[in-house]
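K.L.:
Line order of the protein sequences matches chains H and Z.
Under the working numbering, think of the first position of the first sequence as 1, with each following residue one higher.
Under the working numbering, think of the first position of the second sequence as 1001, with each following residue one higher.
Careful, some of the hints might be misleading.
To be verified - The following residues of chain H were derived to be distant from chain Z, with all beta-carbon distances above 12 Å: (1) 6; (2) 42; (3) 43; (4) 45; (5) 71; (6) 90.
Said to hold, decoys possible - To give an idea of the interface, some chain Z residues facing chain H are shown, with a C-beta separation under 7 Å as derived from the structure: (7) 1029; (8) 1030; (9) 1040; (10) 1042; (11) 1046; (12) 1100; (13) 1104; (14) 1107.
I should point out that these hints are in silico values taken from the structure, not numbers from a laboratory.
As the structure is a computational prediction, the values presented were derived from the model and not from experiment.
Glycine included, every Cβ here is placed at the ideal spot set by N, Cα and C.
So you can see what is in the structure, the chains are spelled out below.
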Amino acid sequence: DTEVTQTPKHLVMGMTNKKSLKCEQHMGHRAMYWYKQKAKKPPELMFVYSYEKLSINESVPSRFSPECPNSSLLNLHLHALQPEDSALYLCASSTPQGFQTQYFGPGTRLTVL
Amino acid sequence: QQQVKQSPQSLIVQKGGISIINCAYENTAFDYFPWYQQFPGKGPALLIAIRPDVSEKKEGRFTISFNKSAKQFSLHIMDSQPGDSATYFCAASLGGGSNYKLTFGKGTLLTVNP
Chain H
1 DTEVTQTPKH
11 LVMGMTNKKS
21 LKCEQHMGHR
31 AMYWYKQKAK
41 KPPELMFVYS
51 YEKLSINESV
61 PSRFSPECPN
71 SSLLNLHLHA
81 LQPEDSALYL
91 CASSTPQGFQ
101 TQYFGPGTRL
111 TVL
Chain Z
1001 QQQVKQSPQS
1011 LIVQKGGISI
1021 INCAYENTAF
1031 DYFPWYQQFP
1041 GKGPALLIAI
1051 RPDVSEKKEG
1061 RFTISFNKSA
1071 KQFSLHIMDS
1081 QPGDSATYFC
1091 AASLGGGSNY
1101 KLTFGKGTLL
1111 TVNP
């Protein structure tokens, strides 16, 4: 099973709202990722968790706050977003060593009004 | 700078034809090269991947050709079908250790006409 699930599929929020994106995998992967993807662009790495610890933060604004409660779950907390943050947010997971094939979820389409 | 250059930006192929997408990289330390297929509104799905110790890898209608000396690799889709219409991303990474970053090409929008 190479499935990564994400909820919700779609999210519309105002600039003053607080919302969370959720990601789950049951492949036993100990590395999990958040990406942002704009239309007609490749995915852009935001955060990497390895063994439930934040390993990489690609200078992402603090209005995005990641959380890894356990080895299967990854959250992205959103607060005071801007319209330009509207995008497809992708979660991925991989083994943390070796040749780390990343498996992506279906994404959450976020619209910030 | 770590870059992967992908071409063409878009490609139109007739059903049954061969689709070819090319990528070139700069960092000779890259040693893992996956291709991802992405349909509109969906996440990227791993299609096929190669390491530089082989020159070619085939899985069904999809083949990666790898030229280490030229620092180039390409995806060939044989007998292209309308269902193959999607955006294709090549990528490269430093395999092993704890380097997690995938460097993506800019993508190729493939349209296969019936």
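K.L.:
All hints, please: hold or fail.
P.N.:
Against the structure, the hints come out as follows:
no.	hint	result
1	6	violated (8 Å)
2	42	violated (4 Å)
3	43	violated (6 Å)
4	45	violated (6 Å)
5	71	holds (16 Å)
6	90	violated (5 Å)
7	1029	violated (14 Å)
8	1030	violated (11 Å)
9	1040	violated (10 Å)
10	1042	holds (6 Å)
11	1046	holds (6 Å)
12	1100	holds (5 Å)
13	1104	holds (4 Å)
14	1107	holds (6 Å)
Of the hints listed earlier, those the structure fails to meet are numbers 1, 2, 3, 4, 6, 7, 8, 9, in rising order.
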